[in-house]
Amino acid sequence: MARVVVVTSGKGGVGKTTTSAAIAMGLAKRGHKTAVIDFDVGLRNLDLIMGCERRVVYDFVNVINGEANLNQALIRDKNCNQLYILPASQTRDKDALSLEGVGRVLEELSKEFKYIVCDSPAGIERGAYLAMYYADDALVVTNPEVSSVRDSDRMLGILASKSRRAELAMDPIKEYLLLTRYDPSRVDSGEMLSLEDVQEILSLHLLGIIPESKSVLTASNAGVPVILDEKSDAGQAYADVVARYLGEKRPHRFIESKKGFLRKLFGGK
Amino acid sequence: MSLLDYFKLSKPKTATLAKERLQILVAHERYYRNKPSYLPQLQEELMQVIRKYVQVDQDAISVKFEQDENQETLELNIVLPDTQSNSAREHIARDVF
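Heads up: the sequence lines are chains A and B, in that order. Going by full-length UniProt numbering, 213 is the number at position 213 of the first sequence; the sequence numbering is gapless. Going by full-length UniProt numbering, 38 is the number at position 38 of the second sequence; the sequence numbering is gapless.
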């Protein structure tokens, strides 16, 4: 049986697709056969971040409607043969996905894959609901910023009450926090919520902190998941996240700001 | 603590402000999360009915929903204003005479 992982947040623009691409690639690179699904029907972007936008022929909606089979729609990643992408439809509207149809596709994928990463759209409407409904684990992507923290909390409420696991009174979805776009120097100067501040409100199991990093934009420019940029801070942070998700213990990094000797002495920010 | 910290003016930190605002907001939203969705409307309609007879403030009425393993309770609490009850008493007194 595959493990279904939803990458969710409520708020848009916090790094869900960047995270989905990185986590899926990280799991696949470690030898686990992984599928990553874009649930953002009408506004697909995972294909672009994964660099396979020109190879999309069939999509998620085609499979649900029986217009194509899964093997026709799945795109094998060019960097890792353990990773497959199921793109969203760009032309349909968000009602094209059905709960039953999504369930059918996930069940079929479960036979072949170890991990299924569901890239949720922003908001709390149908697409986001369907992305989280069948999940076993949830990565809640949060920025250290008021609206993002509030939306994450709202999403946690939905995970706990509206998911399949909640409806069938099974063990609840395992929820993990991924704090992204973290800037330790701004935290030090009191301009940004700290990890502790966010945890005081959300109190989740922390899977990792992804620092604000130029490498995220350069990776998306090139259509290569940032985790493959092994020299970058964000790439390393995502590699840690994957390792922790798989049960390894790794100390959290990128929490402290980089200060030189003089700045330490004079407390410069 | 660095050398310069001793000389710095203590400016209010916006992150602290953000955290305090969030704590209040999130606590409020969590309270309503597991409550029946009709609760705000029920409170609103009760308010309208009560105001037909007694002029009370918005916060004079509280509708509390409590839930434990065995039962769900809906508790309605209305605080009548002092003047109103006095004039009501006067009214009754006049009727007697």
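Any given hint could turn out to be false.
[Claimed, not checked] No farther apart than 25 Å at their CA atoms in a straight line, the calculated lysine to aspartate or glutamate pairs in the DMTMM-like style are these:
(1) A:K162 x B:E69
(2) B:K52 x A:E212
(3) B:K35 x A:E53
(4) B:K52 x A:D233
(5) B:K13 x A:E200
(6) B:K19 x A:E100
(7) A:K162 x B:D68
(8) A:K29 x A:D137
(9) B:K35 x A:E212
(10) B:K13 x A:D183
(11) A:K162 x B:E29
(12) B:K13 x A:D171
(13) B:K52 x A:D137
(14) A:K162 x B:D59
(15) B:K13 x A:D136
(16) B:K13 x A:D137
(17) B:K19 x A:D171
(18) B:K35 x A:E191
(19) B:K19 x A:D197
(20) B:K13 x A:E191
(21) A:K162 x B:E66
[Unchecked claim] Away from chain A, derived, C-beta distances all over 12 Å, residues of chain B:
(22) T16
(23) E20
(24) L22
(25) L25
(26) E29
(27) L46
(28) D59
(29) I61
(30) E66
(31) E69
Everything labelled a hint here was simulated from the structure, so no lab data went into it. Beta carbons: idealized from backbone N, C-alpha and C, even for Gly.
So, going through the hints one by one against the coordinates:
Between K162 of chain A and E69 of chain B, the direct Cα distance comes to roughly 20 Å. Compliance with the 25 Å bound is thereby established for this hinted pair. Note on K52 of chain B and E212 of chain A: the hinted pairing is violated, with a Cα-Cα distance of about 57 Å set against a maximum of 25 Å. Restraint check: the Cα-Cα separation between K35 of chain B and E53 of chain A comes to about 44 Å, which exceeds 25 Å; the hinted pair is violated. Taking the CA atoms of K52 of chain B and D233 of chain A, the gap is about 65 Å. The hint is violated against a cut of 25 Å.
Using a Cα cut-off of 25 Å, the hinted pair K13 of chain B and E200 of chain A holds, with the two alpha carbons roughly 17 Å apart. About 40 Å separates the Cα atoms of K19 of chain B and E100 of chain A, which puts this hinted pair outside 25 Å; it is violated. With a C-alpha separation of about 20 Å, the suggested pair K162 of chain A and D68 of chain B falls inside the 25 Å cut-off, and the hint holds. The hinted pair formed by K29 of chain A and D137 of chain A meets the criterion: a straight-line CA distance of about 20 Å does not exceed 25 Å.
Proposed proximity of K35 of chain B and E212 of chain A is contradicted: the alpha carbons are some 38 Å apart, above 25 Å. For a cut-off of 25 Å, the pair hint linking K13 of chain B to D183 of chain A stands: about 16 Å separates their Cα positions. Taken as a hint, the K162 of chain A and E29 of chain B pair is honoured in the structure, with Cα atoms around 17 Å apart against an allowance of 25 Å. A hinted pair counts as satisfied when its Cα atoms are at most 25 Å apart, and K13 of chain B with D171 of chain A does not qualify at roughly 41 Å.
This hinted pair does not check out: K52 of chain B and D137 of chain A have alpha carbons roughly 52 Å apart, beyond 25 Å. Straight-line distance between C-alpha atoms of K162 of chain A and D59 of chain B comes to about 32 Å, which puts the hinted pair past the 25 Å bound. Restraint check for K13 of chain B and D136 of chain A: the C-alpha separation of about 39 Å exceeds 25 Å, so the hint is violated. A hinted pair counts as satisfied when its Cα atoms are at most 25 Å apart, and K13 of chain B with D137 of chain A does not qualify at roughly 35 Å.
Restraint check for K19 of chain B and D171 of chain A: the C-alpha separation of about 31 Å exceeds 25 Å, so the hint is violated. Simply put, K35 of chain B and E191 of chain A have alpha-carbon atoms about 35 Å apart, too far for the 25 Å limit, and the pair is violated. A C-alpha spacing of about 6 Å is found between K19 of chain B and D197 of chain A, which places the hinted pair at or below 25 Å, so the restraint holds. Taken as a hint, the K13 of chain B and E191 of chain A pair is honoured in the structure, with Cα atoms around 6 Å apart against an allowance of 25 Å.
A C-alpha spacing of about 21 Å is found between K162 of chain A and E66 of chain B, which places the hinted pair at or below 25 Å, so the restraint holds. Against chain A, the non-interface label of T16 of chain B is violated: not every CB pair exceeds 12 Å, the least being about 7 Å. Separation of E20 of chain B from chain A is inadequate, the least Cβ-Cβ distance of about 10 Å not exceeding the 12 Å criterion. Look at L22 of chain B: its CB is around 5 Å from the nearest CB on chain A, not clear of 12 Å, so calling it non-interface is violated.
Its beta-carbon lying about 6 Å from the closest one in chain A, L25 of chain B breaks the requirement of being farther than 12 Å from that chain. The Cβ of E29 of chain B does not lie farther than 12 Å from every Cβ of chain A; its closest approach is about 7 Å, which violates its non-interface assignment. The Cβ of L46 of chain B sits about 26 Å from the closest Cβ of chain A, beyond the 12 Å cut-off, so the non-interface label holds. Even its closest Cβ contact with chain A, about 24 Å, leaves D59 of chain B beyond 12 Å, as expected for a residue assigned away from the interface.
Once the 12 Å rule is applied to beta carbons, I61 of chain B is consistent with being away from chain A; the minimum gap is 26 Å. Taking the minimum C-beta to C-beta distance to chain A, about 18 Å, the non-interface status of E66 of chain B holds against the 12 Å cut. Every Cβ of chain A is farther than 12 Å from the Cβ of E69 of chain B; the closest lies at roughly 14 Å, confirming the non-interface assignment.
Checked against the numbered hints above, the structure breaks hints 2, 3, 4, 6, 9, 12, 13, 14, 15, 16, 17, 18, 22, 23, 24, 25, 26 and satisfies the rest.
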